[in-house]
Amino acid sequence: MARKILHLDLDAFFCAVEEQHNPELAGKPFAVGGRPEERGVVASCSYAARRFGVRSAMPMARALRLCPNLIIVSSHHGDYSQVSQQVMKRLQELSPKFEQISIDEAFLDVSDLPQSGEEQARRLQARIRDELGLPCSIGVASNKLMAKIANDVGKASARGEGPPNAITVVEPGREAEFLEEKPVTALWGVGPKTAQRLEEMNIRKIGELARLPEAELVRLFGKNGADLSIRARGIDERPVEPSHETKSISQETTFSKDIADADSLQRTLRSLSEGVGRRLRKENLCGTTVKVKLRWQNFTTLTRQVTLSQPTDQDSEIFEAALALFKANWRKGQLVRLLGVGVSGLGPPVRQLSLWDDGAERERRLQAAVDALRERYGRNIVQRASRIKKDRE
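Following this note's numbering from start to finish, the sequence shown increments by one per residue and tops out at 568.
Treat the hints as calculated values from the structure; they're not laboratory data. Quick reminder that beta carbons are idealized off the backbone N, C-alpha and C, glycines included. Treat the hints with care, as some may be off.
Stated by the list, open to error - Pairs of lysine-lysine, BS3-like flavour, derived with a Cα cap of 25 Å:
#1 K466 to K264
#2 K432 to K507
#3 K507 to K466
Claimed, not checked - Between beta-carbon pairs, the in silico distance windows are:
#4 E213 to S286: 45 to 53 Å
#5 S250 to G308: 17 to 25 Å
#6 R442 to R379: 18 to 26 Å
#7 R349 to R210: 41 to 49 Å
#8 S491 to S286: 18 to 26 Å
#9 Q485 to G308: 45 to 53 Å
#10 K368 to N459: 34 to 42 Å
#11 E336 to P388: 43 to 51 Å
#12 L288 to R210: 25 to 33 Å
#13 I276 to S249: 19 to 27 Å
#14 K368 to P417: 45 to 53 Å
#15 E199 to P358: 37 to 45 Å
#16 R454 to K432: 24 to 32 Å
#17 E352 to T464: 44 to 52 Å
From just these sequences and the hints, can you work out the full model?
Structure representation (structure tokens):
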């Protein structure tokens with residue numbers, strides 16, 4: 176029996192939530208994201224804005240040039256997260272075989288239900304629309320790869336001025352036929368470099384890729400060549416996994432103006448480290464590797480990392496490691512455009528206390544108390560004295 180896999184994608188999710196809060200935005204060109212004078216980027220844009228060429232991840236300044244009447248709406252991530260949880264709850268009620276990929280995207284295995292995959296998709300789409308007022312598109316196929324590609328094709332093929340609200344079905348046994356004329360870039364694992372190499376071989380469509388011998392692809396692309404050969408034939412045996420393991424936690428910021436002030440850079444580094452530490456503790460994780468990301472004025476980007484002697488979730492330990500990496504790679508007076516901090520090598524907290532660890536334990540208890548206050552009263556309820564002094568200057 177072929178599996179029945181759904182891939183759900185909420186249509187212009189951030190914009191749909193903003194329209195619920197402000198119905199006057201409906202039908203107008205608007206974008207959710209940062210201000211252009213602060214180097215803001217489009218996080219999501221309405222379908223009216225897309226008709227002008229505005230797209231997600233585009234600099235907001237460019238979006239305004241394409242659409243001078245564009246309305247800019249600041250992001251409200253707390254609202255998006257809350258609504259996303261309501262959507263995902265309904266998916267889990269339909270089937271326990273549920274895998275959330277992002278805030279607005281998930282897979283669902285409905286193989287155990289008697290109705291067809293298409294019928295389940297239509298019921299789910301209607302429920303999300305009627306109960307939450309949100310548009311969504313769904314791909315239906317026998318595996319995750321095909322369900323995702325089907326949904327991408329359905330959304331891209333939709334006509335009209337509003338959300339696609341597409342449902343696209345790939346019948347079992349017709350996977351290769353569905354993929355035949357699709358561009359190779361539609362496949363997972365085909366990035367710009369792989370696509371360029373295939374272009375040099377005059378391979379532009381998935382059907383052409385599928386007809387290449389697997390041994391040839393392995394010779395050209397190594398292990399990824401074998402994966403390409405399988406995917407090009409629409410084969411994907413991966414299960415829908417209920418849990419999605421967090422591999423790393425990071426935060427970064429792009430400055431409104433390039434800066435070279437050491438104090439400002441270090442304050443930003445500390446703030447980022449605190450944000451990462453807070454997320455680690457909230458998810459009950461510790462990490463062993465601290466990473467710093469730096470982007471200079473000329474857009475050159477570098478990352479540097481260090482492995483700690485033991486896992487941590489403490490702001491001060493993350494900051495100290497990040498600061499050492501920063502100082503080792505930044506020259507006094509050098510302009511910085513972007514700064515980021517991340518922690519990887521994640522796992523459950525492990526405490527190794529001894530008679531002389533009372534200071535570290537006090538730090539953890541203090542950090543837990545600060546987290547509780549910030550959770551209840553907001554992030555700025557507790558601040559470092561150095562930051563308050565600087566804000567008053």
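Status of each hint after checking the structure:
1. Between K466 and K264, the direct Cα distance comes to roughly 34 Å. Violation of the 25 Å bound is thereby established for this hinted pair.
2. Between K432 and K507 the CA atoms are separated by roughly 17 Å; this keeps the pair inside 25 Å, and the hint holds.
3. For the hint pairing K507 with K466, the CA-to-CA distance comes to about 21 Å; that is within 25 Å, so the pair holds.
4. Distance hint for E213 and S286: a CB-CB separation of about 48 Å, consistent with the stated range 45 to 53 Å.
5. Take S250 and G308: their Cβ atoms lie about 20 Å apart, and the range 17 to 25 Å holds.
6. Look at R442 against R379: about 50 Å separates their beta carbons, and that is not inside 18 to 26 Å.
7. Between R349 and R210 the beta carbon distance is about 48 Å. The supplied range of 41 to 49 Å therefore holds.
8. A C-beta distance of roughly 49 Å is found between S491 and S286, which places it outside the suggested range of 18 to 26 Å.
9. A beta carbon spacing of about 48 Å between Q485 and G308 agrees with the range 45 to 53 Å that was offered as a hint.
10. The hinted range of 34 to 42 Å is satisfied by K368 and N459, whose Cβ atoms lie roughly 38 Å apart.
11. Judged by the Cβ atoms, the range 43 to 51 Å given for E336 and P388 holds: they are separated by roughly 46 Å.
12. A hinted range of 25 to 33 Å is violated for the C-beta pair L288 and R210, which are about 47 Å apart.
13. Evaluation of the 19 to 27 Å hint for I276 and S249 yields a pass: the beta carbon distance comes to about 25 Å.
14. Checked against the given bound of 45 to 53 Å, the beta carbons of K368 and P417, roughly 33 Å apart, lie outside it.
15. In this structure the hint that E199 and P358 lie 37 to 45 Å apart at CB holds, the actual value being about 39 Å.
16. The given range of 24 to 32 Å is respected by R454 and K432, whose C-beta atoms sit roughly 27 Å from each other.
17. At about 45 Å, the CB distance of E352 to T464 agrees with the hint of 44 to 52 Å.
Checked against the numbered hints above, the structure breaks hints 1, 6, 8, 12, 14 and satisfies the rest.
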